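Engineer: Residues per chain are reported as follows:
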Amino acid sequence: MKFYIPPQIPRLAIAFAIFISLFLLLRHFLVPDTFGKYGHYRAASLIDNEQPEIHYSGQEACFKCHQNIEDKKAQDVHSEIHCETCHGPGEKHVISSKAEDIFKPSGREFCGKCHALNAAKLKSAVFQIDLEKHNVGKNCIECHNPHQPWEMKK
Amino acid sequence: MGNEKIRISRRKFLKNATMVAGAAFGYAWLKSSQVLLFAAEPKDESLPWYGIVIDIQKCIGCGSCAKACKNENDVPKEPFFFRTWIEQYTVKNDGSVNIVSPNGGIDGFVQTVPTEEIFKSFFVPKMCNHCAKSPCIQVCPVGATYDSPEGVVLIDEKYCIGCRYCVQACPYGCRFIHPVKKVANKCTLCYHRLKKGLAPACMEVCPTGARMYGNLRDKNGELVKFLKEHTTQVLRPHLNTGSKLYYNALSSEVR
Numbered sequence: 001m002k003f004y005i006p007p008q009i010p011r012l013a014i015a016f017a018i019f020i021s022l023f024l025l026l027r028h029f030l031v032p033d034t035f036g037k038y039g040h041y042r043a044a045s046l047i048d049n050e051q052p053e054i055h056y057s058g059q060e061a062c063f064k065c066h067q068n069i070e071d072k073k074a075q076d077v078h079s080e081i082h083c084e085t086c087h088g089p090g091e092k093h094v095i096s097s098k099a100e101d102i103f104k105p106s107g108r109e110f111c112g113k114c115h116a117l118n119a120a121k122l123k124s125a126v127f128q129i130d131l132e133k134h135n136v137g138k139n140c141i142e143c144h145n146p147h148q149p150w151e152m153k154k
Numbered sequence: 001m002g003n004e005k006i007r008i009s010r011r012k013f014l015k016n017a018t019m020v021a022g023a024a025f026g027y028a029w030l031k032s033s034q035v036l037l038f039a040a041e042p043k044d045e046s047l048p049w050y051g052i053v054i055d056i057q058k059c060i061g062c063g064s065c066a067k068a069c070k071n072e073n074d075v076p077k078e079p080f081f082f083r084t085w086i087e088q089y090t091v092k093n094d095g096s097v098n099i100v101s102p103n104g105g106i107d108g109f110v111q112t113v114p115t116e117e118i119f120k121s122f123f124v125p126k127m128c129n130h131c132a133k134s135p136c137i138q139v140c141p142v143g144a145t146y147d148s149p150e151g152v153v154l155i156d157e158k159y160c161i162g163c164r165y166c167v168q169a170c171p172y173g174c175r176f177i178h179p180v181k182k183v184a185n186k187c188t189l190c191y192h193r194l195k196k197g198l199a200p201a202c203m204e205v206c207p208t209g210a211r212m213y214g215n216l217r218d219k220n221g222e223l224v225k226f227l228k229e230h231t232t233q234v235l236r237p238h239l240n241t242g243s244k245l246y247y248n249a250l251s252s253e254v255r
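One line per chain: the protein sequences are A and B, in this order.
At position 100 of the first sequence the residue is numbered 100 (the numbering used here), and the sequence of numbers has no breaks.
At position 165 of the second sequence the residue is numbered 165 (the numbering used here), and the sequence of numbers has no breaks.
It is possible that part of the hints are untrue.
Unchecked claim - Covered stretches of chain A (in silico footprint by chain B; criterion: 3 or more residues with CB under 8 Å from a CB of chain B, positions within the stretch not fixed):
1. 10 to 23
2. 30 to 38
3. 104 to 114
4. 131 to 142
As the list claims (entries may be wrong) - Chain A residues, not near chain B, derived (Cβ > 12 Å throughout):
5. Leu26
6. Tyr41
7. Gln59
8. Cys65
9. His66
10. Glu70
11. Asp71
12. Gln75
13. His78
14. Ser96
15. Ser97
16. Lys98
17. Ala99
18. Leu117
None of these hints come from the bench; they were simulated from the model.
A quick note: this is a predicted structure, and the numbers were derived from the prediction, not measured.
Think of the CB as a built atom: it goes at the ideal place given N, C-alpha and C, for glycine as much as any other residue.
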């Protein structure tokens with residue numbers, strides 16, 4: 001069999017070569033760096049996701065200054081509750097040490113978020129009181145020390 | 001050329017064709033099983049492989065988690081953007097189910113169903129399930145959402161085109177489009193905190209310890225121990241999402 005290449009084949013081959021090299025060139029500029037290093041994504045995005053600053057410091061940071069509260073808390077039922085559960089994000093206060101940078105909760109509604117009676121809360125999970133019957137009109141912290149709830153104030 | 005006869009016997013042709021077809025079939029089979037293996041078990045064994053447990057019996061619906069999440073991750077304050085939220089399910093005596101989630105539970109819950117009508121009631125905190133075979137990753141057309149080597153489903157905000165496919169694909173409703181950035185947004189399991197050795201904000205503030213996270217690879221770890229000792233369930237198991245968020249004491253009413 002005589003080996004014969006029809007003239008349209010080389011032309012097609014050139015067209016294909018141009019198309020493929022253009023594609024590779026475009027791809028080189030369009031695909032971002034680090035794409036595909038670990039999977040079908042930009043590996044550098046993992047670093048981006050580490051960047052946001054924290055707002056909640058964790059209670060270890062609180063206890064560095066407030067050792068007395070740690071000791072108080074440890075003696076009562078609120079021992080397992082971390083500071084920022086009630087006081088809100090503390091990172092700003094940890095840095096500045098200013099009193100206005102931390103939230104000081106007060107009021108029946110605030111305590112009620114956990115302690116108000118609700119059929120959905122298991123009795124074993126939290127101590128519940130009926131806000132409409134229990135010392136109406138009084139603020140909880142008038143009698144209870146929030147860090148040590150069962151050490152009643154006079 | 002066009003007139004030349006094919007000089008190959010029928011026997012040889014069939015033999016070659018069968019070999020090619022067999023090889024293609026074998027390759028396809030091998031390839032697909034590799035894909036499955038990859039989705040179920042990532043490569044780097046030195047990193048933790050995070051899983052989450054939520055204990056419904058411990059949740060008291062105080063909303064601390066949802067509030068902390070918004071503060072920590074600067075989630076828009078509108079009452080329809082949440083990375084985590086709490087739902088209250090109330091099953092009535094007549095069998096109907098009442099589901100409420102006012103402001104995602106941030107302001108706490110007030111039981112609206114009269115006590116005598118309640119059959120049972122419980123809270124269900126919801127968040128990203130960090131699925132191992134997650135639908136949201138599969139639908140992303142540009143590779144802007146992915147499973148990190150630690151098993152955390154993350155978003156590449158610089159690369160996301162805001163097409164909303166993933167928002168639709170998530171069977172748990174855990175994604176939204178950020179109103180300012182115009183890209184998809186979701187729970188990152190506080191990836192920035194995990195990398196600093198801190199607990200995710202929602203777990204840091206949970207007063208009853210209803211939420212736990214841990215390394216699923218660590219067979220002696222607290223999380224695996226909990227999974228061994230309790231009957232846990234994932235949401236929508238029939239969808240085969242490979243969810244890594246395990247609920248303890250999940251009731252069948254939960255959707």
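Engineer: Determine for every hint whether it applies to the structure shown.
Structural biologist: Status of the hints after comparison with the structure:
1. Under the rule that three or more residues need a Cβ within less than 8 Å of chain B, the assignment of the region 10 to 23 of chain A is violated, with 0 such residues.
2. With 3 residues having a Cβ less than 8 Å from any Cβ of chain B, the region 30 to 38 of chain A passes the three-residue criterion, so the hint holds.
3. Counting residues of the region 104 to 114 of chain A whose CB lies closer than 8 Å to any CB of chain B gives 4, so the stated coverage by that chain holds, three being the minimum.
4. Only when three residues or more bring their CB closer than 8 Å to a CB of chain B does the claim for the region 131 to 142 of chain A stand; here the count is 0, and the claim is violated.
5. No Cβ of chain B approaches the Cβ of A:Leu26 within 12 Å, the least distance being about 15 Å, so the stated non-interface status holds.
6. Distance to chain B contradicts A:Tyr41 as a non-interface residue, since its nearest Cβ pair spans about 4 Å, not more than 12 Å.
7. Taking the minimum C-beta to C-beta distance to chain B, about 8 Å, the non-interface status of A:Gln59 is violated against the 12 Å cut.
8. Residue-level check passed: A:Cys65 sits 18 Å from the nearest beta carbon of chain B, beyond 12 Å.
9. Non-interface call for A:His66 relative to chain B: holds, since the shortest CB-CB distance, roughly 16 Å, exceeds 12 Å.
10. The beta carbon of A:Glu70 is kept farther than 12 Å from every beta carbon of chain B, the shortest such distance being approximately 16 Å.
11. Non-interface status of A:Asp71 relative to chain B is upheld: no Cβ of that chain comes within 12 Å, the nearest being about 19 Å off.
12. No Cβ of chain B approaches the Cβ of A:Gln75 within 12 Å, the least distance being about 17 Å, so the stated non-interface status holds.
13. At the 12 Å boundary, the C-beta of A:His78 falls inside the reach of chain B, the nearest C-beta of that chain being 8 Å off.
14. Under the 12 Å C-beta cut-off, the non-interface status given to A:Ser96 relative to chain B holds; the minimum distance is some 17 Å.
15. Every CB of chain B lies more than 12 Å from the CB of A:Ser97, the least distance being 20 Å, so the non-interface label holds.
16. No Cβ of chain B comes within 12 Å of the Cβ of A:Lys98; the nearest lies about 18 Å off, and the non-interface call holds.
17. Remark: the non-interface label on A:Ala99 is consistent with the geometry, its nearest Cβ contact in chain B lying 19 Å away (cut-off 12 Å).
18. Distance check for A:Leu117 against chain B: the nearest CB is about 8 Å away, which does not clear 12 Å, and the non-interface claim fails.
Violated hints, in rising order: 1, 4, 6, 7, 13 and 18; the structure is consistent with all others.
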